[in-house]
Structure formats: structure tokens, C-alpha cells
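J.: Following the hints, position chain B against chain A.
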Amino acid sequence: MDVFLLKITAVIYLLATGSFILYLVLPKDSLSRLSPLLLLSGFLVHTSALGIHFFYTGYPAVAQFREAFSFYGWLMVGLYLLVQLKYRLTVLGCFIAPLAFLISLAAFAFGTGSGEIPPQLKTYWLPLHVSLAFLGNAFFALAFGVSLIYLLQEYQLKNKKITVLHKRVPSLETLDRLNYIFLVWGFPLMTSGILTGSLWAQVQWGHYWSWEPRQISSTITWLLYGALLHGRITAGWRGKRAALWTIVGFAVLLSYFLLGEAVFQGRHGGRFE
Amino acid sequence: MDKEVIIVGLNHRTAPVEVRERAAFASASLKDSLGRLLSLPAVKEGVILSTCNRVEVVAAAGDRQAALQEIEGFLTAQESLSGSGGLADHLYIYSGDAAVRHLFRVAASLDSMVVGEPQILGQLKDYYLAAQEAGAVGTILHRLFHRSFSVAKRVRTETGIASRAVSVSSVAVDLARRIFDLLEDKTVMLIGAGEIGELVVRHLKRQGLTNLMVTNRTFGRAVELAAEFQGSPIRFEDYPRYLKLADVVIGCTGSPQFLLRPETVAEVLRERRQQAVFFIDLGVPRNFDPRIHEIDNVYLYDIDDLEAVAQENLKGREGEAHKGEEIVEEEVAGFLRWLDSLDQVPTIVALRQRFEEIRKRELEKSLGTALKRLSEKERQALEDMTSAIINKILHVPISHLKITPEDKDEILYIEALKRLFDLEEK
Chain A
685 MDVFLLKITA VIYLLATGSF ILYLVLPKDS LSRLSPLLLL SGFLVHTSAL GIHFFYTGYP
745 AVAQFREAFS FYGWLMVGLY LLVQLKYRLT VLGCFIAPLA FLISLAAFAF GTGSGEIPPQ
805 LKTYWLPLHV SLAFLGNAFF ALAFGVSLIY LLQEYQLKNK KITVLHKRVP SLETLDRLNY
865 IFLVWGFPLM TSGILTGSLW AQVQWGHYWS WEPRQISSTI TWLLYGALLH GRITAGWRGK
925 RAALWTIVGF AVLLSYFLLG EAVFQGRHGG RFE
Chain B
2 MDKEVIIVGL NHRTAPVEVR ERAAFASASL KDSLGRLLSL PAVKEGVILS TCNRVEVVAA
62 AGDRQAALQE IEGFLTAQES LSGSGGLADH LYIYSGDAAV RHLFRVAASL DSMVVGEPQI
122 LGQLKDYYLA AQEAGAVGTI LHRLFHRSFS VAKRVRTETG IASRAVSVSS VAVDLARRIF
182 DLLEDKTVML IGAGEIGELV VRHLKRQGLT NLMVTNRTFG RAVELAAEFQ GSPIRFEDYP
242 RYLKLADVVI GCTGSPQFLL RPETVAEVLR ERRQQAVFFI DLGVPRNFDP RIHEIDNVYL
302 YDIDDLEAVA QENLKGREGE AHKGEEIVEE EVAGFLRWLD SLDQVPTIVA LRQRFEEIRK
362 RELEKSLGTA LKRLSEKERQ ALEDMTSAII NKILHVPISH LKITPEDKDE ILYIEALKRL
422 FDLEEK
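Read top to bottom, the protein sequences are chains A and B. In case it helps, the numbering used here puts the first sequence at residues 685 to 957. In case it helps, the numbering used here puts the second sequence at residues 2 to 427.
Think of the hints as simulated: they come from the structure by calculation, not from any bench. Among the clues, some could well be false.
Restraint ranges, calculated between C-beta atoms of paired labels, are given here [what the hints assert, rightly or not]: (1) B:R207 - A:V868: 55 to 61 Å; (2) A:K842 - B:E19: 30 to 36 Å; (3) A:L907 - B:S233: 53 to 59 Å; (4) B:R207 - A:A935: 28 to 34 Å; (5) B:D297 - A:G702: 32 to 38 Å; (6) B:V224 - A:L907: 40 to 46 Å; (7) A:K842 - B:R271: 17 to 23 Å; (8) B:E225 - A:P872: 49 to 55 Å.
The calculated BS3-like cross-link candidates involving lysine-lysine, where the alpha carbons are at most 27 Å apart (straight line), are [claimed, not checked]: (9) A:K770 - A:K924; (10) B:K361 - B:K324; (11) B:K126 - B:K154; (12) A:K842 - B:K245; (13) B:K419 - B:K393; (14) B:K324 - B:K154; (15) B:K378 - B:K366; (16) B:K393 - B:K366; (17) B:K206 - A:K842; (18) B:K419 - B:K403; (19) B:K4 - B:K419; (20) A:K844 - B:K206; (21) B:K4 - B:K154; (22) A:K845 - B:K206; (23) B:K245 - B:K206; (24) A:K844 - B:K245; (25) B:K245 - A:K924; (26) B:K32 - B:K126.
A few chain A residues facing chain B, derived, Cβ under 8 Å [to be verified]: (27) L835; (28) Q837; (29) L841; (30) N843; (31) K844; (32) I846; (33) E857; (34) T858; (35) W921; (36) R922; (37) K924; (38) R925.
All residues carry an ideal CB built from backbone N, CA and C; glycine is no exception.
Next comes chain A alone, as it looks inside the complex (with noise of 0.2 Å):
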């Protein structure tokens, strides 16, 4: 049941995908409304399907990498929808709507993980965690988004090449002021996320750190993004540099969801030993 509402789920984000494009194609106002609409639609019927496997399984859908990874898709849609209720930047969706149908797509690809989680694993302390971290990466793929499209404003100022996509873009100080937000939300919560995994860890196999894939990449993009927070706070980094910074830190992320699940398969991937 909860499998074919992801499907469903899946589906209506390939819809608010198309809306978000037309909205940046047609200059259609209706189109700035379906366009959240749609997708809220969507979060609801993958809220339903997480809400499902919750009361069949009693256990959050974040034990397999293929739930997780839909897990983040979740959360991440929820956070845009929060932040288009707040700031009205639909020109957001129209990167996050791909992202969440690329995500759900992925999470069917991928997920294939070694099935049920041992018994004594299923501690509150997977959820926590798990929620920690992705709440704190989602919090970074908007920082992420709004980079992108600061890029390509500043881009269209530079190059003195303005165009009619180019309205629908908000200011470079609004999407600086975003980037900020979004890093000093996302920030704490990815430590948060880094520190209850290695108590877990510590509690769990006795050792905080075990060099896996998914604890380099992330204390990889903690160090960028700690130092760009850094920089912000302190030197008066901005703009372009910060928004570099945000993707180069993204990228990293990304890269290992996408690869490294498939290439390297710890614990991370749903192999608990």
C-alpha cells in the first residue's frame, strides 16, 4: 500500500515538475500558484505513505537506504513548502520539484538494502539521527537551490544580458540573505545529525568513528560549510563566493547519495554488519 502511494507520490512530482517549468516558460500568474499546489499534493500522499508504514511497522520508514532516501525527499519538499508559505519564492520549486521526482525515482532505483534491520537495532536512536542529518542536508539543498539561482541572476547582471525568466528571480540580496538562513538552519542540525550517529555508533559497536564513506563525505561538507559560516560571520563572505561555496558543498553530498550507496555499502547503505 505504501509502496504504490510512493508511486503516486512519485508521479505528482513529475506534474508539479512540468508546472514549475511552464511557470518559468509561460508568463501565466496561475501557474505560481498550481505550481506549490501541486506539489504540496504530493507531500501529502508521501506524508500518508510514510504515515502508513509508521502504524503497520510501528518503526519510522528509515531503516532501508531505499526508505531513507525517500525519507529526504520528504523532508526536503516539506522544508520548500515552509519556505514558499514564508518568502514566496517559487522559483525555488522549480528546482526543487525535479529534485524531489529525481529523489523519489532514485529511491526506487537504489533502494535495495538487505531487508529488515536487526532487532537491536531498532532504537530511537536511527530515527533521531537519521531525521537530524536530513532535516540538516535538506536545510542545504534550498541553501543549494538558492545558490544556483543567485548564479544565474548574477550571471544575467553581468553578462547585462536580461531576460524574461530573469523577473521571476528574485533579488541577490534576497537570495544571499536565503543562502544565510538556510546555512545557519542547516548547520547545527548536520552537526547534531554527525554527533547522535557517532554516540550510536558508541553505544552500539564501541567505537565513535569507522571511516565510512558516509562519515568522511559528510565531515567533508561539514568542514566547507562550517568554513563558510565561518566566513560569512567573520570576513564578510557573500555572493558569489558563498554560493560557490554552498554548491561545491552540495556536490559533495550529492555525490556520495548518488554513488556512494551503490559503490561503497556499510552501514549507511543498510548492511548493519
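T.: For chain B alone, kept in the frame of chain A given last:
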């Protein structure tokens, strides 16, 4: 015949801002320039038009070919005063109806990069008055320019061009809003007191701008402007110290050198902790070194860039512009009819006709009443006599007209005759 209208010039479409700057006429020496223009043998009347967007010489001349060459030489010499050659590639030449049409289109702001912008008409009037004061305007250009002013008025009132005018300044404001979120908490510095700079500030004020600094070489002018916009005046030698406070810097001076260099701006950016700055260069020649644009978080748009962006907005107004073009066509035809009527032959014919009409009318009146009983022979004699009187009266003026084709005053005589005897076509 010295009634060919000629225009030689360049504008934003044919020449980039660097070339326009080199070709521009300084307002201080405009009178001398007009004097030199008028001293060209083939040029009878002349007006020089020199704005940020166009440098044009409008002339009335006898020998078209000779005049074109002379004016081209005149403009090229102007440019060589300030540097390298290559001006000729950017020049356009109009004569006859094409020249009339061009001037009407310029006046009606149909030829502006930002169609419908209102400044050009005022500038045209100023340059026309300057030429008139310098004694460079005669019958033809007088008529031509006055027609162009009324064409502009017609186009403005009969089409929607002006009301929908998207001027350079609103493009500048639009760009500012793409860089900055709110203008309320931003600071703008206006350097120089040019007209276009004021216009941009006015637009920014309308968008909520409150913090404004104004500086000008003459401090009094800065104080005036600052009072007008509720800003703070700053002494010209002090403004670099205040640069770090400004989010938008508008340059609108006639300074021959760059006011700001990239090194200075990079330093200011460091002081501002890399907060973005938008430079708007409305000066001719340019006030800001174009390399400033290459600095991160700095955006520099000069007047050409703004106009190029404005052209995007132009598309929606093509319908109104089309109506404007139709008005121009009508008016060109009207002016050409008037110009043709300045020929000797039709004037002489019309003059003779006029006298002949009077003679016939008066003769018939008399023959119908007091001289009713005259014989056929006597009537014939009377007819011959009155005809002879008219011929004798007209002989001297007409022969004067005929022997003075190269005389500058020919058109004056014709125009005078037309007025004195009411020969104007209705």
C-alpha cells in the same frame, strides 16, 4: 536651389558610446562650432544637435553633394580633436524627404533607443535656439524645426507612446531592484547634477528611497539638489570618503576623466564587507572605468547598457510607435509640399496668377458698371493696358528672382512674396 535639407550624424544605433563621446560638441564652444559650420561654402543654414545618444548636423544647403562632403569633413575634424579616426564608418546621411522624416522621428522620440522618452524634444529645442542665436537658422530650418516640434506634440497627444514611456531611469530602478531587496534601507549617492541623474533619483524616490547623498563640483548646486530631494549635500573633494556608505552610485558629470578606478572601488568593497554596489554611469564621457564591472559584487551599467535593456520593453509599444510613424509620414508630406512651393517657377506662376485674378476681377467689375458702354475695340485696349501695367510692375521683382539662384536670400524673397501676396497653399 539652396533648399536641400541634409542630416549627417551618428546615434546610439550606429556608434558605441566611445565614438559618440569623441564626436560630441562641447556646449561651451557650441557657438564657435556653429560658426565653423556656417563658414562651409555649401552650407546655408545649420543646427548642431549633440546629446548623449546622438551627434547630428542638420543643414540646409544648395549643392547637395558638396554640402555632404563638407559636413562629413566638419564632423570628422571634430572627432580628430579628441583622438583616433574611424568616425566615417558610423555616420549616416539623409537628404530630402529622408532628412525631414529623420528629424521628425527624432523630435517625436521615435528614433530614441527608449521610444517615447521625453528629454529629446527639450534638447532639440535648446540646440535649435542656440543655432538661432548664433544666426545659423534661416527660413528652411526655422520652418523645419517648428514643424518637428509640432509633430512631436501631435505624436505625444495622439498616440500612447509618451504615457507608456519606459525611460532609461526606470530601467536603472528595475536593475537596482534585481540587486537589492528593498530600496528603503539603501543609500544612494548622486555625483553630478545632470538632468538624467535627477530623473533616476526621482524614480528611486518613488520606489521608497530615503537616504540620498548629493555631490557636485559646484557645492551650491549640490545643496540645491539635496534640498529638492531631502538628501545630504557633500563637498566634491569629500565624496570618496562617503563611497563606502553608498549602495547605488550614480555618475552624471561631464568630467573628461574617470571619476572612479577599479582599485578604489575594490578598496571600498573591502570596507563594506563585500556588500553589493550598483554603479549607474550616465555621464558623457563615462564617469566610471568600465573595468569596475569585473569586480565581484559590483555591477556597473552605463547609459548604453540601460538602453539595451530598455529595448526589451520596446516591443510592447510597437503599435503606438506605428501610429507615430503614420503621423510623421503625414507631416513629412506637408513639409515637402511647402518646400516645393519655395521654387521660383511655381512662385512666379502663383504671383502672376494672383495679379491676373485681381486685374480680371476689377476689370469685369468696371466693365459691368461704369464702363458698360465701351465698344469692343475700347474694351480690347483696356484689356491690353491693364495687362501691360501688371507685366511692368512684376517685371523687376521677377527678373530679380531669376538672376539670383545662388543668392542666399532667394528663399527669403520667395517666402516674403508668398506672405505679402498670400500665395501660401491652403
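J.: When you check the alpha-carbon spacing of K4 (chain B) and K154 (chain B), does it fall within 27 Å?
T.: OK: K4 (chain B) and K154 (chain B) at ~25 Å, within 27 Å.
J.: Would you say the C-beta atoms of K842 (chain A) and R271 (chain B) sit inside 17 to 23 Å of each other?
T.: Given range 17 to 23 Å: holds, Cβ gap about 20 Å.
J.: Should the interface hint for R922 (chain A) be scored as holding, given a Cβ-Cβ cut-off of 8 Å against chain B?
T.: holds (5 Å)
J.: Going straight from one Cα to the other, do K393 (chain B) and K366 (chain B) come out at no more than 27 Å?
T.: holds (22 Å)
J.: K419 (chain B) and K403 (chain B) were given as a pair; does the straight-line alpha-carbon distance stay at or below 27 Å?
T.: holds (16 Å)
J.: CA of K844 (chain A) to CA of K245 (chain B), is that 27 Å or under?
T.: OK: K844 (chain A) and K245 (chain B) at ~24 Å, within 27 Å.
J.: If you check the beta carbons of K842 (chain A) and E19 (chain B), does the distance land in 30 to 36 Å?
T.: violated (21 Å)
J.: Measure nothing beyond the straight line between the CA atoms of K245 (chain B) and K206 (chain B); if it is 27 Å or shorter, mark the hint as holding.
T.: OK: K245 (chain B) and K206 (chain B) at ~21 Å, within 27 Å.
J.: Quick check on K844 (chain A) please, does its C-beta sit within 8 Å of some C-beta on chain B?
T.: holds (5 Å)
J.: Is the interface hint satisfied for L835 (chain A)? The criterion is a beta-carbon contact with chain B at less than 8 Å.
T.: violated (12 Å)
J.: Is the straight-line distance between the alpha-carbon of K842 (chain A) and that of K245 (chain B) 27 Å or less?
T.: Within the cut-off at roughly 21 Å; holds.
J.: Assess, step by step, whether the Cα of K32 (chain B) is no farther than 27 Å from the Cα of K126 (chain B), and give holds or violated.
T.: holds (16 Å)
The structure shown violates the earlier hints numbered 1, 2, 3, 4, 6, 10, 27 and 30.
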